[in-house]
Amino acid sequence: MERKELLKNEQIERMLSPHPLSFMKLQVLCIFVIVWGIVVWWLTNFSTYAEMFTSNPWYPLILWGLVLLLIGVVASLVAIQWSIFFLYLGVFAGAVGLIVWQQWEADSTLFLLVYSIAVSIGGFLIVELYRRSHKYILTNLRVIFKGGLLTKRERTIRYDKIADIDAKQGILGQIFSFGTIIPVSQSGFGLGSDKTMAGGGLAVGTKKAKLFGFAGGGKEVQTPIARSYYELHGVYPYKDIKQLIEDLVQSHVPTQYQKEQVEFQKQAVDIQTQMRDLLHKQVSGKSRKRAVKQAVEEEEPEEEQIEVEETVVTKKTVAKEEAFEPEQVDVQQQMKDLLKKQKSVRVVEPEDEEEIEEEERENA
Amino acid sequence: MATIPLNIDAFIGAALGPIAGVVTFWLLQLLLIEGQKRMLALLRHQHDAFCRFTNFVGILFQTVCHALGYTVTRSGIAAFQVTVNYGKVEPKKEKTGVFEWIAHSFLLFGPFFIPAGLVLLASYFVIGSGFSIPTVMDFTFVESLTVFGESLVRFGFAFLSFLATIDLFNPVHVGFLFVLLFFGLGIRPSYIGEERKEKIDMIHDLTRIKNHLIQKPVYILALIVIVYVFYLLSLFLNPQVYVGVFIVFGWMSLIAILALLLTYLVILLIRATDKIRPWWKTIPYMSLIVSYILARIFFLYYPRDDVETFSLLIMVVTTVVITILLIKYKRTNRFKTTTKMKHVRVADGKKRTVKKRTD
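Protein chains in written order, with my numbering: chain F, 1 to 364; chain Z, 1 to 359.
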């Protein structure tokens, strides 16, 4: 990450990327293709059932394709992601197209083995590139998510905007110490829904008129869900990262005690501002008086020299008279009031640390 | 139907023979499990993920057995959870007495035999031979023990023959081998519960089993009576049945022992490669695959009998030789610490200093 991308006073705490095994769901799709290709090759060449496939060169392709598509449908239903089926459909169509185009029907079993391995290796490479495109940056102010192979996506969330943290660790994650952390924002970004539907049809009667019934049901559950480039997907070491994020979020959440502190400080600043204004007022009043008095003294120097003691007395008297001028008395009275108020505004400290902790827990 | 002699040996001794055989094999199994635990403990600091995986498999087997116990006793399962550190099974109905005792028996003994039973079932389809029970004639303690042993020898021989001729180009054989290794790594009872215990050894297991047994002595008596009634019934109806039941337990134990021995080889290979420098340590694993493929290709052009066995032999010998050579010439730094010294210095805040030679 470039320095210019950071905000003022922002420091990078950690830079993360997903664990190599965190995209196992995608890698499994490739593993299945390669394993199934080997099994079909063995089944059609070396097993006791090999003779069944010698009669028609298209049989191995049909078997390979049917099972591939069947698994694609099952995987799509389980993962609620039809792209898996279409991916396998594309792989199957590619195999058929190549065989027809190059007329490899006679060597279809060997072709299927090589094709399965090639497609799987290609799949692994794409998954690895996709994984490497992800970058998660934890700074002292926010979390930055970056990812995407062709379209670069980026998400930023400040710690004080994180309302909830969802963390999950699968079996593979527990074994290899990685896991996924989804920061749910206050606006609900990071929340999704799983929806399952069931449908069925029934045809009654064998003649022209048929009854057809359809039943459907749906269930929607709110769940923390996000794309891998909008969550901390498969980060390692999971526990440390989770702890770090929770600490950073906690440090950005104002507690009740901190709120009170801020309130008191605001009041204190207000009082000080008022006092400063009053002092300014008082000082400016005094200086004006002094200026007037100096002018008078310059005009009558001899008189001052003669009656030094009297002048001193006069000055004192004048000072007293100045202090008790109505305007000054008002200012002093206001200052007294403000000082009293400042004393009354004392910082309320909690009795012990346990109370602070309790408050923090409640806020969390 | 065979004539049953009226003596003590026929009515008591012959009943105890198969039981003694099963207990002996089970104790042997326990000893091998203990050895595996100690071997895993030695490589824990370097292969934490591998150890966590074996721990997970063990907990999975144990939790499934516990759940099976609740299912058999019709208690129902309210919660089922398996993690790397612990497993949890909660029944819907908390049954006490004999049901609770049976459920706990599944928890304690199940991991030793239930997964092994599944592997035995798979081996019946993959191996298909050696599953024979010899006929009992004299009804003595020695004879029933001999019959038990003979059956196990036949089965063991068939199983080892299969392993020696395993075709690694056959996906079914490869799958069975993986299942066997998976089972071998997981056959070690671990602690089940929220609390995590660091050390669970054989003594701990045996103490738990003993406590469970002496907790309800009446049930033990009832169990003995049931087993003996079963023996008497089979004695008069079909003597093969009683011996056969214990022989099946013996097969399971034998499978577990062979699986454990296979995992010993894997753990040994991992420990050996730890002594080799990074990147070079991958060569022994690669040689396992490459040498086998090359051997099979070689025998394709120079065909002979026992191609699979010779290929396996070449694979094992090549890997062992390569590993020894790598340990000798590409040995890793033996003074390597678990925490890098550089990190320790950074943590201490002390800078690294290099003393230049002045001479």
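Calculated directly from the structure, the hints in this document are not laboratory data.
Hints should not be assumed to be uniformly reliable.
[Stated by the list, open to error] With a Cα cut of at most 35 Å, we get these calculated DSBU-like pairs of lysine-lysine:
1. K168/F x K210/Z
2. K216/Z x K93/Z
3. K330/Z x K275/Z
4. K88/Z x K242/F
5. K146/F x K168/F
6. K92/Z x K135/F
7. K275/Z x K92/Z
8. K239/F x K210/Z
9. K152/F x K266/F
10. K25/F x K216/Z
11. K168/F x K93/Z
12. K8/F x K135/F
13. K168/F x K4/F
14. K281/Z x K242/F
15. K168/F x K95/Z
16. K259/F x K152/F
17. K281/Z x K239/F
18. K8/F x K161/F
19. K95/Z x K25/F
Cross-check of the supplied hints:
no.: 1; hint: K168/F x K210/Z; in the structure: violated, 39 Å
no.: 2; hint: K216/Z x K93/Z; in the structure: holds, 21 Å
no.: 3; hint: K330/Z x K275/Z; in the structure: holds, 8 Å
no.: 4; hint: K88/Z x K242/F; in the structure: holds, 25 Å
no.: 5; hint: K146/F x K168/F; in the structure: holds, 20 Å
no.: 6; hint: K92/Z x K135/F; in the structure: violated, 46 Å
no.: 7; hint: K275/Z x K92/Z; in the structure: violated, 51 Å
no.: 8; hint: K239/F x K210/Z; in the structure: violated, 38 Å
no.: 9; hint: K152/F x K266/F; in the structure: violated, 44 Å
no.: 10; hint: K25/F x K216/Z; in the structure: violated, 48 Å
no.: 11; hint: K168/F x K93/Z; in the structure: holds, 30 Å
no.: 12; hint: K8/F x K135/F; in the structure: holds, 21 Å
no.: 13; hint: K168/F x K4/F; in the structure: holds, 33 Å
no.: 14; hint: K281/Z x K242/F; in the structure: holds, 33 Å
no.: 15; hint: K168/F x K95/Z; in the structure: holds, 34 Å
no.: 16; hint: K259/F x K152/F; in the structure: violated, 40 Å
no.: 17; hint: K281/Z x K239/F; in the structure: holds, 29 Å
no.: 18; hint: K8/F x K161/F; in the structure: holds, 18 Å
no.: 19; hint: K95/Z x K25/F; in the structure: violated, 40 Å
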